[in-house]
Amino acid sequence: MTDSPRAKDGRAPDVFRAGGWIPMRCHRDQDEVDFVIVGTGAGGGTLACKLAEAGFSVVALDAGHFWRPLEDFASDELHQQKLYWRSERITGGDDPVTLGSNNSGRSVGGSTVHFTMVSLRISPDRLKSRSRLGYALDWPIEPEEMWRYYAEVEDALKISGPVHYPWGPPRGRYPYRPHEVNAAGLVLARGCEKMGVAWAATPLATVSAPRGRAHPCVYRGFCAIGCSTNAKQSALVTWIPRAIAAGAEIRDLAMVGRIEIGRDGMATGVLYHREGEWRRQRARNVVVAGYAIETPRLLLNSACPMFPNGLANSSGIVGKYFMPQSNHAVWGTMEEEIRWYKGPPCMAICEHWNYTHAGKDFPGGYCFLSQGPLPMEWSHSVAGSRGLWGMELRQEMAKYNHYAGLKIVGEVLPQEKNRVELADEEDELGLRIPRVIFGYGEEDKKLYGHAIRFMRDCLDAAGGKDIWPEEDTAHLLGGCRMGTEPANSVTNADGRSWDIANLWICDGSLFPTSAGVNPSLTIQALACRIGDRIAAMASRGELSHPARAFA
Amino acid sequence: MSGEFQSRFPGYNVLDKWDSPSWNEQTRRVIKDRLENVPERRFFSEQEWTTLHAICARLIPQPDRADAPVPIVPFIDKKLHNNEGDGYRFETMPPMREAWQRGIAAVDAECRVRHGTAFAELPDNLKDATLRAIQHGDVRSETWRDLPAKKFFEIMLRQIVSIYYAHPAAWTEIGFGGPASPRGYVRLGFDRRDPWEASEAHD
Amino acid sequence: MLQREHNPASPSRFTEEVSRQYATEGIARAAPLTLPPQPPLPEAKAARKIGAAVLIGAVTALAGLALWRALGRTATQQPAEAHQRAAQRLNASAAILSFSVFADSAMEHYRGAFQNPAMYVAPLTSGALLASSAHAAFRPERLGFAGKSLCAFALAIGTAGFGFHLYNLTKREGGIDWLNLFYGAPIGAPFALALAGLTGLAASRLVGQTGATPVFFGEPAGRAIAAASAAALIGTAGEASLMHFRGAFHDPFMFAPVTIPVVSAAGLAATLFRPRMIATARRLLQATVALGLAGVGFHLYGISRNMGGFGNLSQNLLNGPPLPAPPSFTGVALAGLAGLELLDA
Chain A
0 MTDSPRAKDG RAPDVFRAGG WIPMRCHRDQ DEVDFVIVGT GAGGGTLACK
50 LAEAGFSVVA LDAGHFWRPL EDFASDELHQ QKLYWRSERI TGGDDPVTLG
100 SNNSGRSVGG STVHFTMVSL RISPDRLKSR SRLGYALDWP IEPEEMWRYY
150 AEVEDALKIS GPVHYPWGPP RGRYPYRPHE VNAAGLVLAR GCEKMGVAWA
200 ATPLATVSAP RGRAHPCVYR GFCAIGCSTN AKQSALVTWI PRAIAAGAEI
250 RDLAMVGRIE IGRDGMATGV LYHREGEWRR QRARNVVVAG YAIETPRLLL
300 NSACPMFPNG LANSSGIVGK YFMPQSNHAV WGTMEEEIRW YKGPPCMAIC
350 EHWNYTHAGK DFPGGYCFLS QGPLPMEWSH SVAGSRGLWG MELRQEMAKY
400 NHYAGLKIVG EVLPQEKNRV ELADEEDELG LRIPRVIFGY GEEDKKLYGH
450 AIRFMRDCLD AAGGKDIWPE EDTAHLLGGC RMGTEPANSV TNADGRSWDI
500 ANLWICDGSL FPTSAGVNPS LTIQALACRI GDRIAAMASR GELSHPARAF
550 A
Chain B
0 MSGEFQSRFP GYNVLDKWDS PSWNEQTRRV IKDRLENVPE RRFFSEQEWT
50 TLHAICARLI PQPDRADAPV PIVPFIDKKL HNNEGDGYRF ETMPPMREAW
100 QRGIAAVDAE CRVRHGTAFA ELPDNLKDAT LRAIQHGDVR SETWRDLPAK
150 KFFEIMLRQI VSIYYAHPAA WTEIGFGGPA SPRGYVRLGF DRRDPWEASE
200 AHD
Chain C
0 MLQREHNPAS PSRFTEEVSR QYATEGIARA APLTLPPQPP LPEAKAARKI
50 GAAVLIGAVT ALAGLALWRA LGRTATQQPA EAHQRAAQRL NASAAILSFS
100 VFADSAMEHY RGAFQNPAMY VAPLTSGALL ASSAHAAFRP ERLGFAGKSL
150 CAFALAIGTA GFGFHLYNLT KREGGIDWLN LFYGAPIGAP FALALAGLTG
200 LAASRLVGQT GATPVFFGEP AGRAIAAASA AALIGTAGEA SLMHFRGAFH
250 DPFMFAPVTI PVVSAAGLAA TLFRPRMIAT ARRLLQATVA LGLAGVGFHL
300 YGISRNMGGF GNLSQNLLNG PPLPAPPSFT GVALAGLAGL ELLDA
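So the protein lines, in turn, are chains A, B and C. Heads up, the first sequence is in numbering that gives the first Met the number 0, so the first residue is 0 and it goes up one at a time. Heads up, the second sequence is in numbering that gives the first Met the number 0, so the first residue is 0 and it goes up one at a time. Heads up, the third sequence is in numbering that gives the first Met the number 0, so the first residue is 0 and it goes up one at a time.
You may find that some hints are simply not true.
The following label-pair restraints were derived from C-beta to C-beta distances [as the list claims (entries may be wrong)]:
1) B/200 to A/416: 47 to 55 Å
2) B/14 to A/3: 30 to 38 Å
3) A/304 to B/135: 50 to 58 Å
4) B/137 to A/168: 34 to 42 Å
5) B/120 to A/193: 52 to 60 Å
6) B/17 to C/169: 40 to 48 Å
7) C/299 to A/170: 30 to 38 Å
8) A/211 to C/140: 33 to 41 Å
9) C/155 to B/14: 45 to 53 Å
10) C/106 to B/36: 37 to 45 Å
11) A/459 to C/115: 28 to 36 Å
Each computed DSS-like pair below joins lysine-lysine, with the alpha-carbon atoms no more than 25 Å apart [claimed, not checked]:
12) A/445 to A/193
13) A/464 to C/170
14) A/193 to C/147
15) A/398 to A/416
16) A/445 to A/127
17) B/150 to A/416
Treat the hints as calculated values from the structure; they're not laboratory data. Cβ coordinates follow ideal geometry from the N, Cα and C atoms, glycine included.
Put together the whole structure using the sequences plus the hints.
Here it is as structure tokens:
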């Protein structure tokens with residue numbers, strides 16, 4: 000692993016060729032670019048592409064490395080921890096969230112570099128959960144519009160999905176066909192058929208046929224630690240090369256410490272640390288896309304005399320209404336050999352409980368997916384959650400090839416007390432580190448209780464034996480939610496902060512509700528929409544005016 | 000918790016695929032380093048090193064590899080020496096290095112309270128009983144007062160199994176396919192196996 | 000949130016360092032961008048791809064032409080000779096079809112680990128038929144009772160195979176749905192074996208016929224063979240459509256086997272009503288013969304695009320596009336040409 004940046008001096012790594020380079024337009028720090036974007040994952044990477052293609056000058060900064068997957072990614076869980084955000088964060092509350100590997104990324108491309116590629120749409124009703132289903136709050140965007148942007152992202156990532164998706168309103172055909180479902184997924188299929196609910200091959204952002212210089216999936220199963228095949232359509236191999244081709248500059252190993260505010264109360268650029276020194280990038284607009292912990296952390300760390308409580312925080316809710324998703328699982332052994340290490344980890348899905356309301360004692364929704372943990376991750380479940388050790392652990396681990404499991408992505412309702420705040424400790428750059436406080440609410444507990452019961456029955460019906468449950472969380476959302484009222488949200492529907500007209504947010508922290516589906520597709524759809532909205536506003540000359548005027 | 004380990008995959012060894020299309024250059028580099036460059040003790044004191052070895056021998060017993068067990072403690076030492084965290088720390092826990100030093104000392108202290116001797120000196124059954132008590136937070140030593148025993152045990156166990164199950168010997172023993180790039184897998188269904196996967200013994 | 004935490008009066012190490020570095024305030028407007036000269040992006044790959052495809056196509060078309068020449072010259076007016084040549088063509092068709100089935104079923108049933116002993120039957124039968132009909136392609140008169148029986152057996156096995164494959168589909172999770180059509184036992188594949196047997200039988204009926212053209216299913220042989228070949232072309236194109244749909248038609252050339260054979264089939268069918276279409280149909284069928292051979296080239300290219308390319312054959316031969324599949328177009332088109340031979344006689 001190299002610790003000096005790769006993307007500089009007019010070139011950036013070619014992600015499709017070992018040792019390869021592509022030309023990249025580079026800006027000087029003192030140039031005032033149209034947009035500086037903090038973070039290059041599902042939110043920032045996508046937006047960098049959209050804005051650059053719309054003709055804006057863009058510099059996107061990322062704290063992580065700019066990898067070439069073909070040569071940099073080993074088939075090894077320990078080594079690939081280099082993809083995670085491993086700086087210190089404090090986690091607390093009644094149900095502390097385990098951070099690190101399963102919900103963070105520190106690479107150009109962000110956590111899409113190691114996500115499980117599950118690409119789902121939030122149902123129209125869940126986007127309007129207050130007015131249509133009577134709980135939580137509505138998204139400030141019409142579902143029809145979100146669904147148009149979902150289609151744009153699905154095409155940009157060539158999602159491989161089923162020919163007919165069994166749930167929700169009709170959607171266009173996925174650009175690529177579904178993958179063959181592995182045995183772990185067929186266990187879910189078998190269980191669902193016995194339980195009388197529908198199942199489907201999961202729509203996945205890994206190609207089932209060649210695409211340009213990306214090879215099709217080889218079912219090696221190391222997806223969650225980085226795809227060395229380039230089949231995975233991460234931001235690193237999709238939006239980022241597109242952004243660079245359109246003139247955006249990506250700066251790797253560039254940690255942003257502060258957003259600067261001018262005397263007029265507008266953002267003037269960012270201070271970032273690269274190659275051992277603090278530097279300043281000037282910009283007419285600043286976009287924060289650091290995900291649900293780093294985004295509020297940066298806004299709070301950028302407090303200044305004019306904004307003593309942190310930027311964009313006149314409502315006082317920056318960092319609040321933070322939501323992980325519940326990620327509870329059931330595990331059991333099968334008569335057959337399953338060998339769940341083969342293929343993407345989540346090849347089959349049931350979204351029944353996102354679209355059905357009868358038979359539930361809670362308002363939210365969840366989906367559940369088949370599983371395929373690699374040995375180290377699996378040992379965390381068997382030792383950590385089940386508490387086995389000694390020879391008992393080794394013998395249980397030896398059943399690896401016969402295990403199958405189901406895991407939910409469950410909606411956690413927004414609560415003000417769940418939050419990201421600053422701790423008193425500082426990191427190695429002198430930036431205050433974040434503290435994450437989380438505890439489930441009553442409705443959340445009912446949801447995962449229901450899920451565990453249903454999945455236990457499902458796995459049992461599929462032939463699972465010795466079934467046991469596990470608690471976990473995944474994905475981090477909210478913290479800078481968008482809305483229609485400056486009093487109870489941080490930005491408007493365009494991700495534009497209410498307080499500072501040229502400060503934008505574009506990532507999962509915008510989510511007003513978490514919904515019961517993996518969030519990456521939604522983050523990218525939001526980013527596409529924000530990109531289009533910014534281009535439209537610019538063409539009308541509205542970029543330099545306060546957001547409130549356009550609420 | 001003793002007993003012999005029975006392999007379900009006789010004759011299988013992931014390392015046999017070293018030169019096959021299942022392994023690429025970067026993986027060979029990483030695994031070669033893991034196998035050949037076992038780190039020296041740099042962080043732990045000799046006492047901590049000894050106690051942790053004794054703990055590992057109970058949490059992951061390897062009687063079947065008495066002469067060459069999978070090394071675990073050296074890699075924990077390396078992680079602590081480099082202060083490489085996992086990206087989070089529970090609010091109730093001290094910083095990582097401090098937690099390990101105090102935790103290991105507390106395990107020894109707990110054994111002294113209960114049995115009047117350090118952990119490494121105890122017979123296996125008492126070692127296991129003490130570890131189980133710590134796992135369940137049933138502790139008597141004062142040293143645990145501001146170090147939650149259950150949480151420490153959980154973190155320690157997670158770290159130890161992480162290192163063990165990142166070793167090719169562990170991949171082999173559970174029948175895992177091991178590294179797989181450029182070649183992945185072809186046969187994905189129930190009871191289906193590619194020729195380069197472990198064959199399970201059926202009795 | 001605690002006010003203390005945001006108190007700017009207690010500057011962190013960070014803010015101190017920053018204020019040292021950036022003691023001066025003031026916002027400079029951007030100087031016009033000066034960009035380093037931009038080398039062209041590597042977009043030549045599309046052109047290279049098309050070039051490679053054209054080359055593959057040309058080479059295989061030449062090979063097809065040579066095969067065509069080797070298997071007989073253009074039609075003459077002598078019925079006996081026409082029968083002989085048609086029989087040769089039909090045997091060549093049977094040989095190519097059985098080769099395709101042999102290689103394909105051997106690979107695919109190997110992928111299926113020959114779980115059911117019945118899975119050996121297809122490669123064994125098609126292998127035997129390949130040997131027999133390849134021999135008969137040069138010496139059609141030598142096909143004896145054993146050869147004819149083998150053809151009949153292949154016909155029966157191919158039909159039974161369809162049943163097996165259908166049963167396999169229904170017992171998979173999801174039943175007959177797209178996923179299983181894509182990844183379950185291929186429904187259409189066993190028909191190629193049945194077709195090979197049928198073609199061989201037809202050839203045996205033509206051999207030594209000096210007088211009137213024999214009648215198949217109430218139609219003169221030429222018409223019957225043309226009609227059957229047209230139907231088989233449609234079926235084969237149907238299977239290619241399914242598989243290329245699975246591949247999301249990611250390459251425009253993937254439309255070739257779902258269009259050219261269909262047009263050929265239409266041309267062939269048209270000759271049944273308009274004999275002057277024969278010349279056109281012949282050209283179309285020749286194109287289909289070449290297409291089947293070019294397809295192997297395209298599929299080789301497809302394999303090279305998979306991870307590891309030819310260095311990862313143990314995976315890519317099975318997961319990449321199937322090499323033996325395209326020649327079945329060549330086989331069926333040859334049968335169609337045999338039909339034209341008789342119609343033209």
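Hints, verified against the model:
1. Separated by about 54 Å at the C-beta atoms, residue 200 of chain B and residue 416 of chain A satisfy the suggested range of 47 to 55 Å.
2. Distance hint check for residue 14 of chain B and residue 3 of chain A: the Cβ-Cβ separation is about 34 Å, which falls inside the suggested range of 30 to 38 Å.
3. For residue 304 of chain A and residue 135 of chain B, the Cβ-Cβ distance of about 52 Å falls inside the hinted range of 50 to 58 Å, so the restraint holds.
4. Range check, residue 137 of chain B to residue 168 of chain A: Cβ separation about 55 Å, and the 34 to 42 Å hint is violated.
5. Range check, residue 120 of chain B to residue 193 of chain A: about 55 Å between beta-carbon atoms, so the 52 to 60 Å window is met.
6. Residue 17 of chain B and residue 169 of chain C have their C-beta atoms about 43 Å apart, which keeps the hinted 40 to 48 Å range intact.
7. Range check, residue 299 of chain C to residue 170 of chain A: Cβ separation about 36 Å, and the 30 to 38 Å hint holds.
8. Hint check: residue 211 of chain A to residue 140 of chain C, Cβ distance near 54 Å, so the stated range 33 to 41 Å is violated.
9. Hint check: residue 155 of chain C to residue 14 of chain B, Cβ distance near 49 Å, so the stated range 45 to 53 Å holds.
10. Between residue 106 of chain C and residue 36 of chain B the Cβ separation comes to about 43 Å, which falls inside the hinted range of 37 to 45 Å.
11. Checked against the given bound of 28 to 36 Å, the beta carbons of residue 459 of chain A and residue 115 of chain C, roughly 29 Å apart, stay inside it.
12. A hinted pair counts as satisfied when its Cα atoms are at most 25 Å apart, and residue 445 of chain A with residue 193 of chain A qualifies at roughly 24 Å.
13. The suggested pairing of residue 464 of chain A with residue 170 of chain C holds, with an alpha-carbon distance near 23 Å, which does not exceed 25 Å.
14. Between residue 193 of chain A and residue 147 of chain C the alpha-carbon distance is near 49 Å, which puts this suggested pair outside the 25 Å criterion.
15. The suggested pairing of residue 398 of chain A with residue 416 of chain A is violated, with an alpha-carbon distance near 41 Å, which exceeds 25 Å.
16. Distance restraint check for residue 445 of chain A and residue 127 of chain A: the Cα-Cα separation of roughly 21 Å lies within the 25 Å cut-off, and the hinted pair is therefore satisfied.
17. At roughly 24 Å between alpha-carbon atoms, residue 150 of chain B and residue 416 of chain A fall within 25 Å of each other, so this suggested pair holds.
In the structure shown, a violation is registered for the earlier hints numbered 4, 8, 14 and 15, in ascending order.
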